[in-house]
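Enquirer: One-letter residues, chain by chain:
Protein chains: 2
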Amino acid sequence: MCGIVAYIGHREACPIILKGLKRLEYRGYDSAGIALLNGDLKVYKKKGKVSDLENFIGDQATHSHVGMGHTRWATHGEPNDSNAHPHYSTSKRIAIIHNGIIENYAALKTVLLSRGYEFHSDTDSEVFINLIEDIHTNNNCSLEEAVRLALHEVVGAYAIVVLSEDDPNQLIAARKGSPMVIGVGENEFFLASDATPIIEYTNEVIYVNDYEIVVIKDGKLDIQTKEAVRTTPYIQKLELKLDAIEKGGYEHFMLKEIFEQPRSIMDSMRGRLIADQNHLMMGGIREYANKFVAADRILIVACGTSWHAGLVAEYLFEEFARIPVEVEYASEFRYRNPVIRETDIVIAISQSGETADTLAAIELAKSKGATIFGVCNVVGSSIARASDAGAYTHAGPEIGVASTKAFTAQVTVLTLMALMVAEKRGTIENSKLRQLMVEMENIPAKVEQALKLDAQIQHIADVFKDVPNFLYLGRGYNFPVALEGALKLKEISYIHAEGYPAAEMKHGPIALIDENMPVVVIATKDSSYEKIVSNIQEVKARKGRIIAIVTEGDDVIPEMAEFVIEVPAADEALVPLVSVIPLQLLSYHIAVMRGCNVDQPRNLAKSVTVE
Amino acid sequence: MCGIVAYIGHREACPIILKGLKRLEYRGYDSAGIALLNGDLKVYKKKGKVSDLENFIGDQATHSHVGMGHTRWATHGEPNDSNAHPHYSTSKRIAIIHNGIIENYAALKTVLLSRGYEFHSDTDSEVFINLIEDIHTNNNCSLEEAVRLALHEVVGAYAIVVLSEDDPNQLIAARKGSPMVIGVGENEFFLASDATPIIEYTNEVIYVNDYEIVVIKDGKLDIQTKEAVRTTPYIQKLELKLDAIEKGGYEHFMLKEIFEQPRSIMDSMRGRLIADQNHLMMGGIREYANKFVAADRILIVACGTSWHAGLVAEYLFEEFARIPVEVEYASEFRYRNPVIRETDIVIAISQSGETADTLAAIELAKSKGATIFGVCNVVGSSIARASDAGAYTHAGPEIGVASTKAFTAQVTVLTLMALMVAEKRGTIENSKLRQLMVEMENIPAKVEQALKLDAQIQHIADVFKDVPNFLYLGRGYNFPVALEGALKLKEISYIHAEGYPAAEMKHGPIALIDENMPVVVIATKDSSYEKIVSNIQEVKARKGRIIAIVTEGDDVIPEMAEFVIEVPAADEALVPLVSVIPLQLLSYHIAVMRGCNVDQPRNLAKSVTVE
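Protein chains in written order, with the working numbering: chain A, 1 to 611; chain B, 1 to 611.
Each hint should be verified, as a subset may be incorrect.
Said to hold, decoys possible - Distance windows between CB atoms, simulated:
#  : chain 1 : residue 1 : chain 2 : residue 2 : range
1  : A       : Met-560   : B       : Asn-203   : 39 to 49 Å
2  : B       : Asn-597   : A       : Glu-530   : 26 to 36 Å
3  : B       : Arg-385   : A       : Glu-530   : 21 to 31 Å
4  : B       : Thr-427   : A       : Lys-424   : 29 to 39 Å
5  : A       : Thr-343   : B       : Thr-427   : 10 to 20 Å
6  : A       : Ser-527   : B       : Thr-427   : 38 to 48 Å
7  : A       : Gln-435   : B       : Val-556   : 37 to 47 Å
8  : B       : His-459   : A       : Asn-55    : 57 to 67 Å
9  : B       : Val-556   : A       : Asp-122   : 42 to 52 Å
10 : B       : Asp-276   : A       : Glu-363   : 35 to 45 Å
11 : A       : Tyr-250   : B       : Arg-385   : 56 to 66 Å
12 : B       : Thr-427   : A       : Glu-363   : 48 to 58 Å
13 : A       : Ser-527   : B       : Asp-276   : 48 to 58 Å
Said to hold, decoys possible - Partner residues are not named here, just some residues of chain B that face chain A (Cβ under 8 Å, in silico):
#  : residue
14 : Leu-112
15 : Pro-509
16 : Pro-601
17 : Arg-602
Keep in mind that the hints were calculated from the coordinates and are not lab data.
Virtual Cβ for every residue (Gly too), placed ideally from N, Cα, C.
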């Protein structure tokens with residue numbers, strides 16, 4: 001996830017682009033850059049925020065009427081000056097900005113290297129622009145045609161803009177998977193990841209469709225499909241306010257991020273799992289395969305929501321890879337004198353990659369010789385750098401303080417890891433592995449389906465919005481989901497919600513239950529279904545108000561529960577990715593109804609970089 | 001802990017004793033027995049409750065004016081008919097009932113066996129009566145003198161009554177450590193562990209002191225010290241009601257059990273730890289020393305409060321014995337497919353020894369070849385029997401549903417285990433081990449001191465009795481204490497209290513904190529003291545109401561906290577035994593003030609024998 005902006009018209013391009021990039025910083029902010037056409041093609045880029053780029057440009061000449069800019073959220077290559085966009089081709093005559101992931105970049109790069117192309121960054125995007133240059137040169141075709149042909153070569157997701165010194169009054173763009181909108185002004189055009197950089201200049205926009213190529217040349221807009229079929233652009237009037245657009249039409253970043261999950265889960269699997277090709281591969285695991293195969297124990301260190309993802313991973317790794325797993329609060333781990341051996345693998349989970357306690361915990365584990373494996377969302381973050389190997393979650397920047405899409409991305413990546421390690425260790429039946437791989441690919445669609453419960457959940461939220469307490473119960477794979485559901489509610493609605501393994505309820509918490517206590521029970525069909533039905537009856541016997549998350553078609557629990565939320569069936573090992581969705585929505589709607597600041601709840605910070 | 005009753009006078013002894021035993025069943029109920037003198041010395045005894053004994057006696061002849069009875073709480077030997085009291089001597093001419101533990105019984109038994117004495121039980125008490133018979137025969141002295149000399153031989157605690165066929169109108173009793181009260185009627189005497197079996201016949205009582213020997217013969221009472229110095233008995237008038245006496249003068253069993261802890265902790269160490277003799281020995285560990293030395297991993301399975309004791313044990317075993325420990329909810333452990341190896345040791349913790357989930361968890365672990373070590377309070381319970389080895393906690397019967405003394409007894413036993421295993425593995429410095437052994441012996445005195453905080457805590461309880469929510473925070477060894485403190489409050493006051501590792505607060509729960517939220521912080525002086533002071537400041541900055549448990553003399557935290565409770569300093573590894581005391585008292589007083597049924601909180605059961 002990155003932000004892109006481009007301009008072609010009669011105004012000065014640079015200030016428009018810089019201002020637009022600032023609006024898009026919610027999409028990424030690890031580095032930023034700008035390219036301006038004014039006879040030659042100048043690129044300015046810098047690690048950091050857009051304001052760092054501004055300072056860097058300073059008084060340098062920026063006069064131009066055609067330009068493009070990018071604010072980055074790293075996916076390939078750490079955030080630094082050279083990995084920042086735009087990227088030149090080897091000849092430096094053309095340049096690209098790119099939002100997305102090119103999955104087959106490694107293979108393309110090998111070919112391009114053999115043909116003498118040079119690379120100054122670790123990005124997939126630089127491969128893209130050299131591929132375009134290669135086709136442009138070899139086929140002796142127009143740049144537009146070269147772009148079109150290049151799009152047939154790349155696998156993955158992209159929104160790109162390409163500028164060339166040889167066509168000083170032209171801007172070429174294309175998209176697949178990543179968003180792009182064109183702003184249509186008077187003799188000027190704007191192009192951006194969303195409408196926020198555009199809206200103060202024009203309210204007429206065109207949403208570019210997947211596989212479309214946009215050419216704006218000499219004041220004319222032309223849109224064709226990848227197959228070179230011209231399309232008639234549909235111009236729409238924007239009626240949204242700025243801050244709403246920034247949130248993609250959602251009222252809050254958190255809601256936007258909840259709804260992004262089918263996509264962010266898919267992004268986290270992209271290039272790593274292709275079931276019908278029997279492809280399951282993560283670079284970090286492959287590199288350390290022997291360590292994982294020989295591992296006596298896996299220690300997982302994390303805090304907060306990441307710790308919950310770690311609990312899911314414990315169940316996955318123990319069940320499939322048959323390695324004993326211990327999940328530790330990073331803060332507790334680092335201050336006691338834990339037993340750490342050189343044969344231990346420590347998995348550190350952190351969305352920001354900057355969580356101070358987690359970072360300190362892995363430094364401790366490293367000093368004892370353990371292998372550190374980082375699972376972070378922010379590329380090049382401190383934890384990613386301090387790890388021996390790792391896997392990024394590719395959820396894109398998470399702005400809402402209460403983590404949602406980062407959690408499901410973590411669980412996705414940890415699931416793939418566990419399956420890959422299980423395969424390497426020979427501890428999983430081939431048929432089971434295949435079944436789970438196919439199921440994993442279906443998860444985004446099931447999440448999409450679970451998101452359709454929104455209206456129903458809003459109704460339930462309205463019923464319970466004023467209660468002071470909540471209990472959340474789950475067993476097995478749904479136990480961490482219960483903890484996570486409770487944490488979400490706690491964080492944003494300030495309702496005291498607590499999660500428990502369902503069977504532990506009898507050992508104390510059941511005393512809390514009376515006719516005023518809502519109890520959320522995650523009771524999808526799995527191996528402990530009968531047991532959790534008993535737990536529901538125990539709650540009911542004490543008059544607790546039951547909200548049950550059940551598998552579609554369940555006809556037993558609806559007889560007992562006050563409210564039932566049906567989620568699509570999924571293998572029990574994968575069900576957390578689906579069953580957590582209604583809990584995220586429930587906490588969101590309750591918090592909104594209580595008038596809480598959902599995106600910036602009191603007392604909390606997005607990334608806890610203090611101890 | 002057992003209950004004893006005796007009678008000598010003009011009434012029928014049997015019904016008085018049986019009725020008295022029923023009153024004392026709170027002291028133990030695993031087996032019961034009665035001895036009656038009527039020319040010969042008859043003993044009736046049976047596994048089970050007093051009602052089982054009654055059924056067993058049925059229509060058998062019980063006419064007698066001198067007798068004694070016992071309701072047992074097993075310490076040596078499982079609960080069965082032969083281990084029930086009274087115990088005959090080998091000649092069957094004398095018999096004993098005994099409440100307490102004879103620590104040097106094994107050595108005494110060896111000598112007695114060599115002299116031809118026979119044993120029909122596994123008890124230390126049968127050793128005691130044979131020792132008396134041996135002295136009686138060899139020294140050719142009176143039974144009274146034989147008892148007196150025997151008391152010089154035994155090490156430990158006792159309240160005993162001895163009857164002899166040769167002295168049909170005599171009753172001899174003695175005590176050290178275990179309670180005993182004499183009821184003085186008209187030409188009749190009663191004797192019991194507390195006044196409940198006596199009060200309906202007389203309100204004049206004499207409390208027997210330690211090291212006193214009581215002889216009632218031909219209607220006369222004579223009390224002498226162990227050194228044969230006659231003392232003048234102090235006759236007091238009872239003004240208490242029956243149910244109050246049963247609870248030892250406390251309003252509730254829970255409070256009584258809280259105040260019993262100096263004693264129950266000492267009982268749990270008795271015979272296992274003698275610091276100045278450098279003695280640290282637990283039978284179950286000695287037997288399985290090689291397993292512990294070679295252990296790759298310890299798995300602890302438990303539920304509720306026992307699970308919290310397990311968390312303390314995790315820290316102890318990792319720090320001192322350097323064995324990786326994983327603590328699991330028994331219910332979660334058994335339903336997933338956990339990795340269990342033959343080199344694993346599974347420690348199962350359960351007060352009742354009947355917890356269904358824990359029992360099922362160890363059956364699973366056993367089936368995979370792991371060694372099972374049970375830590376239970378009830379001798380001969382299902383978990384004790386299902387274990388390969390174990391250590392009893394000797395806390396005595398716990399009647400209050402909310403566990404208090406069982407928790408500290410568990411932690412005591414687990415601490416001794418960790419230290420003994422550390423010594424065997426050579427992972428602890430000798431000087432550190434010595435220091436901790438001495439410190440452990442001082443813990444009961446420190447608990448006694450902490451109990452003096454009662455009045456202050458009552459005041460704090462009054463301030464917070466009406467709040468709906470509480471947070472409990474601790475780090476390191478005090479993190480499980482925070483969980484336990486919260487669970488206690490939840491169980492008996494129905495206030496939603498939740499425990500957290502202090503540093504995790506920033507990752508969510510801090511959102512709950514405002515000027516209405518009481519936050520109990522356990523902040524004794526230890527290696528993370530500075531960090532928890534920062535956590536207190538974070539709470540304070542959000543206007544949370546801080547109740548801090550601190551080390552005596554702390555002059556930093558009192559500046560920040562609304563209430564400060566000072567506990568005696570203790571080594572940080574042992575501090576849970578001290579720091580948990582004020583939390584037990586706080587929950588107790590709040591519950592009482594809220595009018596809750598402290599001993600039988602709603603929805604809960606003492607021992608959870610269902611899944």
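Enquirer: Please write out, lowest number first, the hints stated earlier that are contradicted by the structure.
Expert: Hint check: 1, 7, 12, 14 fail, others pass.
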